[in-house]
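Colleague: These are the residues of each chain, in order.
2 protein chains.
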Amino acid sequence: MTKFGKRADMGLVELATEAGLGALNDAQNEEAKVDAVYVGNAASGQLCGMENLGPIVAERLGLLPCEAQRIETTTASGSCAIKQAYRDIAGGFLDRVLVVGAEKMTHLPTEDATKVLASSMTHPTGETVHGASMPALAAMFTRKYLDKFGLSTRYLALVAVKNHSNALKNPYAHLQKKITLEDALASPIVADPLRVTDCAPMTDGAAAILLQSKPPAESKAPVKVRGIEQSTDRQMFYQRAEEFSIGALKDASTKAFNVAGLKPNEIDVAELHDAFTVLEMVESEDIGFFSKGEAARALENGVTQIDGALPINTGGGLKARGHPLGATGVAQIVELTWQLRGEANERQVHDAKTALACNFGGLGNTVVVTILERS
Amino acid sequence: MTKFGKRADMGLVELATEAGLGALNDAQNEEAKVDAVYVGNAASGQLCGMENLGPIVAERLGLLPCEAQRIETTTASGSCAIKQAYRDIAGGFLDRVLVVGAEKMTHLPTEDATKVLASSMTHPTGETVHGASMPALAAMFTRKYLDKFGLSTRYLALVAVKNHSNALKNPYAHLQKKITLEDALASPIVADPLRVTDCAPMTDGAAAILLQSKPPAESKAPVKVRGIEQSTDRQMFYQRAEEFSIGALKDASTKAFNVAGLKPNEIDVAELHDAFTVLEMVESEDIGFFSKGEAARALENGVTQIDGALPINTGGGLKARGHPLGATGVAQIVELTWQLRGEANERQVHDAKTALACNFGGLGNTVVVTILERS
Chain R
9 MTKFGKRADM
19 GLVELATEAG
29 LGALNDAQNE
39 EAKVDAVYVG
49 NAASGQLCGM
59 ENLGPIVAER
69 LGLLPCEAQR
79 IETTTASGSC
89 AIKQAYRDIA
99 GGFLDRVLVV
109 GAEKMTHLPT
119 EDATKVLASS
129 MTHPTGETVH
139 GASMPALAAM
149 FTRKYLDKFG
159 LSTRYLALVA
169 VKNHSNALKN
179 PYAHLQKKIT
189 LEDALASPIV
199 ADPLRVTDCA
209 PMTDGAAAIL
219 LQSKPPAESK
229 APVKVRGIEQ
239 STDRQMFYQR
249 AEEFSIGALK
259 DASTKAFNVA
269 GLKPNEIDVA
279 ELHDAFTVLE
289 MVESEDIGFF
299 SKGEAARALE
309 NGVTQIDGAL
319 PINTGGGLKA
329 RGHPLGATGV
339 AQIVELTWQL
349 RGEANERQVH
359 DAKTALACNF
369 GGLGNTVVVT
379 ILERS
Chain F
9 MTKFGKRADM
19 GLVELATEAG
29 LGALNDAQNE
39 EAKVDAVYVG
49 NAASGQLCGM
59 ENLGPIVAER
69 LGLLPCEAQR
79 IETTTASGSC
89 AIKQAYRDIA
99 GGFLDRVLVV
109 GAEKMTHLPT
119 EDATKVLASS
129 MTHPTGETVH
139 GASMPALAAM
149 FTRKYLDKFG
159 LSTRYLALVA
169 VKNHSNALKN
179 PYAHLQKKIT
189 LEDALASPIV
199 ADPLRVTDCA
209 PMTDGAAAIL
219 LQSKPPAESK
229 APVKVRGIEQ
239 STDRQMFYQR
249 AEEFSIGALK
259 DASTKAFNVA
269 GLKPNEIDVA
279 ELHDAFTVLE
289 MVESEDIGFF
299 SKGEAARALE
309 NGVTQIDGAL
319 PINTGGGLKA
329 RGHPLGATGV
339 AQIVELTWQL
349 RGEANERQVH
359 DAKTALACNF
369 GGLGNTVVVT
379 ILERS
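Going line by line, the protein sequences match chains R and F. What the first sequence shows, in our numbering, is residues 9 to 383, in sequence order. What the second sequence shows, in our numbering, is residues 9 to 383, in sequence order.
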């Protein structure tokens with residue numbers, strides 16, 4: 009993956025190309041034929057004035073005449089691209105697919121970018137037209153969740169402090185700044201009760217992985233996809249069946265565990281979609297890592313720290329690694345791959361053999377759950 | 009499919025929904041579970057201020073919690089969505105996938121829409137920034153092709169006259185106007201030598217098909233996908249290996265014929281991507297229906313008319329049915345399905361058993377070739 013951050017030095021295609029070349033290089037596979045390039049990208053048309061990224065990136069990488077396409081489910085675009093690559097290989101249609109997730113957004117004024125995010129993630133006639141932004145919607149959900157389980161915003165701050173701390177050990181992360189609980193609780197309000205430290209930043213960046221039918225001859229500890237499953241729920245929260253859970257996550261994770269033949273307590277490390285701090289807590293419950301309402305206690309007890317029983321967001325999460333929409337789902341898998349290979353350096357989880365990623369489109373409208381295992 | 013045209017009466021999501029419901033209804037399958045909705049759309053963000061159409065359309069159709077995503081390769085988006093649906097079913101991952109292609113663009117001033125088309129189909133740093141539009145690029149190619157084979161623009165006009173005539177027999181077509189050779193040759197110049205009648209119009213519309221692993225019990229003459237293959241070439245014409253052919257089309261059609269076990273002379277009816285009239289001629293040669301430079305003679309001799317030996321663009325083509333970018337690849341398959349089922353009424357090709365569709369992204373940067381057969 010590229011360094012995430014404000015990348016005024018590089019364009020969208022250049023970021024995607026750097027990540028793609030990195031993945032090909034890592035696989036020691038520059039010479040082998042790549043059958044397809046699938047690009048996960050949320051909104052390059054509105055953000056960068058260009059569409060059709062699949063062929064553009066494939067051409068820049070010198071991989072023609074391979075198949076190429078873009079897959080879009082807003083912020084779950086990256087993991088949907090991985091899902092398609094996985095199926096096309098497992099189904100016997102292709103042998104080798106390069107997946108690149110990329111987004112560039114910091115060149116726009118924050119207000120303009122926020123509007124594009126709303127057009128990408130809120131319901132067009134039920135939310136967007138009324139001016140609902142993602143932080144506004146997330147704030148309402150956060151308030152309900154905290155109230156239901158009698159929690160203070162201190163728990164949100166604990167997520168931010170942990171993920172900022174992890175990001176400091178990740179040279180690719182956007183935010184490289186240690187913060188204390190006091191810093192978090194004093195940071196400016198974005199949408200009550202969410203503060204700046206509760207929201208993922210606007211970030212540019214790209215990440216890539218090469219999926220293959222078989223590991224290459226001299227592979228570094230190959231990582232295997234055990235299951236990748238997707239589900240969709242209503243876009244508007246008030247129309248969903250559940251108030252304190254993400255229905256599509258429960259559905260997708262149940263399917264993924266079934267396909268993988270694993271249980272939540274058999275996962276060694278996880279990447280969750282903490283676009284807002286509350287989501288890391290809610291997701292860790294809905295996946296079944298903790299009982300409903302118990303994420304706060306696990307957080308307080310250090311269970312989700314790098315040296316805890318179930319490390320979550322070792323790379324810094326969306327919160328501190330940054331959240332370049334279409335790149336996020338791929339960056340999660342890159343982090344987990346490094347963890348499973350034992351290449352995560354200072355932030356290495358001891359002997360991680362299994363891993364889970366949860367990637368959201370919007371506020372859980374789309375959810376993709378991926379389970380990986382070290383071969 | 010919906011009526012194609014200037015659909016000021018309906019929004020993008022409403023068009024997609026009408027087409028989707030039509031396909032479900034046609035399959036007599038409203039009650040059966042749909043595993044996924046794949047939406048082909050080129051540029052809804054820039055054109056309509058909304059992204060994330062997969063989940064939005066799936067929700068509107070009442071198909072949740074199915075998988076849902078958008079697939080984008082500019083004007084080949086529709087056929088790429090079909091390709092993914094086909095593979096996910098043939099690979100054993102899903103049983104039933106609804107593919108919806110949709111685009112809405114006529115609400116924008118033509119100049120603004122033309123700019124979006126350029127951002128979607130021309131090369132960002134090699135063409136778009138220099139102000140190259142699609143008609144300008146197509147005009148240069150047309151001029152070269154006509155010159156190479158000693159042809160006059162009269163042959164372009166023959167394509168337009170034929171496709172307008174076919175569209176008059178298709179109630180779903182956008183342009184319902186008979187034109188003569190003289191009309192075509194007198195129509196205003198868009199980009200010399202292309203006239204208005206040589207260019208597909210700006211059109212709104214949607215089309216949908218339901219792909220299933222097995223035909224339902226009481227099926228109307230089921231249509232089978234024999235092969236669907238994709239290839240990609242350089243975006244900029246001057247960098248391509250061939251000057252008078254579309255390399256990605258030759259590659260994709262060769263692969264599709266191999267997979268299908270068929271030859272060009274075994275195809276009974278074809279839908280080609282005539283965004284500009286010259287493309288129908290070039291494509292019919294590159295697929296192998298006619299020798300290089302011989303499309304003009306076939307056209308003159310009526311071979312490609314509805315009652316000819318190889319009817320092309322019976323539904324009116326992009327030229328006269330209209331070209332709602334992401335919908336086009338799906339509309340081609342809808343037309344061929346009607347032909348194979350014997351449901352094409354006034355424009356029915358006698359006893360069509362096999363069919364081929366060619367869908368371009370841009371000027372053949374991406375090409376998808378689909379071969380269908382009546383079961």
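By construction, these hints were calculated from the structure, which means they are not laboratory data. Just to be clear, a hint being listed does not mean it is correct.
To be verified - No farther apart than 27 Å at their CA atoms in a straight line, the calculated lysine-lysine pairs in the BS3-like style are these: (1) F:Lys-222 with F:Lys-263; (2) F:Lys-41 with F:Lys-177; (3) F:Lys-263 with R:Lys-222; (4) F:Lys-361 with F:Lys-11; (5) R:Lys-263 with F:Lys-11; (6) F:Lys-14 with F:Lys-185; (7) F:Lys-14 with F:Lys-263; (8) F:Lys-222 with F:Lys-232; (9) F:Lys-222 with F:Lys-177; (10) R:Lys-228 with R:Lys-41; (11) F:Lys-123 with R:Lys-123; (12) F:Lys-41 with R:Lys-263; (13) R:Lys-41 with F:Lys-263.
Colleague: For this structure, which hints from the list above don't hold up?
Modeller: Of the numbered hints given earlier, those the structure breaks are 2, 5, 7 and 9, listed in rising order.
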